[in-house]
Amino acid sequence: MMKNSKWALFILTFTALFLVHTAWAAEIPNLKVGYIFTTHHTSFMVAASKGEAFKSMGVYLRPVVAKDKYELVSNGKPIATLQLFVAKSGAETASLFARNQLDLAMASVTAIMAGVDKGTPIKILSPLQTEGMGLVVPKDSQLKDWNAFLAYVKKTKKPVKVGYHSSTSAPKIVLEGALKSSGITVTEDPTNMLAQVLLVDLKETWSGRLLFPRLEQKDKGGKKNDV
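What the sequence shown shows, in mature numbering (1 follows the signal peptide of the UniProt record, and there is no 0), is residues -25 to -1, 1 to 202, in sequence order.
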């Protein structure tokens, strides 16, 4: 709860700084804010549902209509009205921006990057969280951290198979980049026996976001190593 509280305060403060000059110049703006019902956006949901709990911190959300509309309050004064929208995915969030139906939103970096590539006039202002990825190995594995994993890859004679759940997902992109920056050769061709790591598309049969590795640990089927 403490970690969520810190992130919730960060989000509210950041949004307040982003908006305060507008509030001084005219009537407070009405902003359409999108988020996805996912563990990655828990901090924002906490900020909305427990808004009054942050009142002593100077920045908080005051409910107008619970789960729908809130006033963003800074130093006792409302500086914006936030109309909340729940999107199904980052791709839908980018599409809503393309149709001018959102002013602010939280979504995966890759989804927004894809939107930018398609010409949608959007940009990323700030990360919401940076702990949503995990490299999961069997519970009885001797691997404890990233360096141990790299050492294992370098000494193994056959390509080490690493699964990913989506070719455009942040975990896959980050992992591939980290491997290449560490001098590891990567392939998606199962016939390439010269590469050190074979990336395997799991076709969304399993997702490596933070919640799922934790559940895997709870069920005693695996353990999570931070990437």
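The set of hints was computed from the structure by calculation and includes no laboratory data. It cannot be assumed that every hint is accurate.
Mimicking DSSO-like on lysine-lysine, the simulated pairs with C-alpha atoms at most 27 Å apart in a straight line are [to be verified]:
1) K129 / K119
2) K155 / K132
3) K133 / K114
4) K63 / K52
5) K155 / K130
Here is what the structure says about each hint:
no.	hint	verdict
1	K129 / K119	holds, 16 Å
2	K155 / K132	holds, 18 Å
3	K133 / K114	holds, 21 Å
4	K63 / K52	violated, 32 Å
5	K155 / K130	holds, 16 Å
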